[in-house]
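Going line by line, the protein sequences match chains G and D. Residue 27 is where the first sequence starts when you use the numbering used here, and the numbers rise one by one after that. Residue 17 is where the second sequence starts when you use the numbering used here, and the numbers rise one by one after that.
Calculated from the structure, these hints are not laboratory results. All values derive from a computational prediction rather than experimental measurement. C-beta: ideal position from N, C-alpha, C; glycine also. Wrong hints could be hidden among the right ones.
Below, a list of computed lysine-lysine pairs in the DSS-like style, where the Cα atoms sit at most 30 Å apart [as the list claims (entries may be wrong)]: (1) D:K71 <-> G:K29; (2) G:K64 <-> D:K29; (3) D:K19 <-> D:K87; (4) D:K19 <-> G:K29; (5) G:K64 <-> D:K71; (6) D:K73 <-> D:K87; (7) D:K29 <-> D:K71; (8) D:K19 <-> G:K64; (9) G:K64 <-> D:K73.
Quick look at which bits of chain G chain D covers, simulated, 3 or more residues with Cβ under 8 Å [what the hints assert, rightly or not]: (10) 64 to 70; (11) 129 to 142.
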Amino acid sequence: AQKVTQAQTEISVVEKEDVTLDCVYETRDTTYYLFWYKQPPSGELVFLIRRNSFDEQNEISGRYSWNFQKSTSSFNFTITASQVVDSAVYFCALSEAMDSSYKLIFGSGTRLLVRP
Amino acid sequence: DVKVTQSSRYLVKRTGEKVFLECVQDMDHENMFWYRQDPGLGLRLIYFSYDVKMKEKGDIPEGYSVSREKKERFSLILESASTNQTSMYLCASSPMGQGRDTEAFFGQGTRLTVV
Chain G
27 AQKVTQAQTE ISVVEKEDVT LDCVYETRDT TYYLFWYKQP PSGELVFLIR RNSFDEQNEI
87 SGRYSWNFQK STSSFNFTIT ASQVVDSAVY FCALSEAMDS SYKLIFGSGT RLLVRP
Chain D
17 DVKVTQSSRY LVKRTGEKVF LECVQDMDHE NMFWYRQDPG LGLRLIYFSY DVKMKEKGDI
77 PEGYSVSREK KERFSLILES ASTNQTSMYL CASSPMGQGR DTEAFFGQGT RLTVV
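Bound-form chain D, shown alone:
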């Protein structure tokens, strides 16, 4: 059974803290993604990575950074958490080489609250 696992389901952090959200996939996928989900806005892409140590900005990268040191792990970093980063964060992975027709597999999400 394919698996994308996010380290926390719920997280509460203080404004200004540095926050790490971890994601691990066991499918040997090349592509990994971080999305943010907000009511009425759907899912918006923050960053993605198509290979180890490679990263690309998505639609809303401001205030975030990412790290991909190993193929199976993709971390999202909030350098200095702010209240407007309170949201649901979803990690996804997909294989490379099959083109755009390949579906992405999602983790269970991390609901982050910044107080």
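Pulled out of the complex, with its shape left as it was, chain G reads as follows:
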């Protein structure tokens, strides 16, 4: 069965520190998609990135970067020079095909607290 594991339940850092959120996935599919979402205190999940299984290039977007490694089934997320506004719960997700559509399999989330 498909599975996403986020082993870090909660991380606390001081502002300007770098922080990496881990994500390990399990799938039998050869083609699959991975996602990261951010859930700020307001509650709404905000899409951050999508990566397909054929594209192992790392991606950088401002202070955010993602490291995708098929060999270790990991899709880790790094925030450089963290800020208080980065405080949120972050979810990693894997797309699983169903008969007529698809669904997202979510990890349990990592709560990030950035202290001033």
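We have chain G already, so just place chain D on it with the hints.
Same frame as chain G, but now just chain D:
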């Protein structure tokens, strides 16, 4: 700006009540989803719909039903609310036809307490 709107942010209901959670999206998306979020468990899929009047069970459908009479609206129904249904409920939508690589857009969530 894309929008998924859930009718209530907070709801308190009594055990045994029939509860309706409403979700509306303005993006003309075919797919709509209801997830439940609990600490340590992440988000779990309750039901989804890929078209009007179509519905499919997710991973935890027991105690819930859904209704999709119009494309933009997807309702989650708790037939007889119980205390173990106290949770955060999140609605999402996504377009069809772009495959599994399309991200879902989420509403702000409804925190339901059953007393």
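Here is how each hint holds up against the structure:
no.	hint	verdict
1	D:K71 <-> G:K29	holds, 24 Å
2	G:K64 <-> D:K29	holds, 29 Å
3	D:K19 <-> D:K87	holds, 14 Å
4	D:K19 <-> G:K29	holds, 29 Å
5	G:K64 <-> D:K71	holds, 27 Å
6	D:K73 <-> D:K87	holds, 18 Å
7	D:K29 <-> D:K71	holds, 25 Å
8	D:K19 <-> G:K64	holds, 17 Å
9	G:K64 <-> D:K73	holds, 26 Å
10	64 to 70	holds (count 3)
11	129 to 142	holds (count 6)
Checked against the numbered hints above, the structure breaks none of them.
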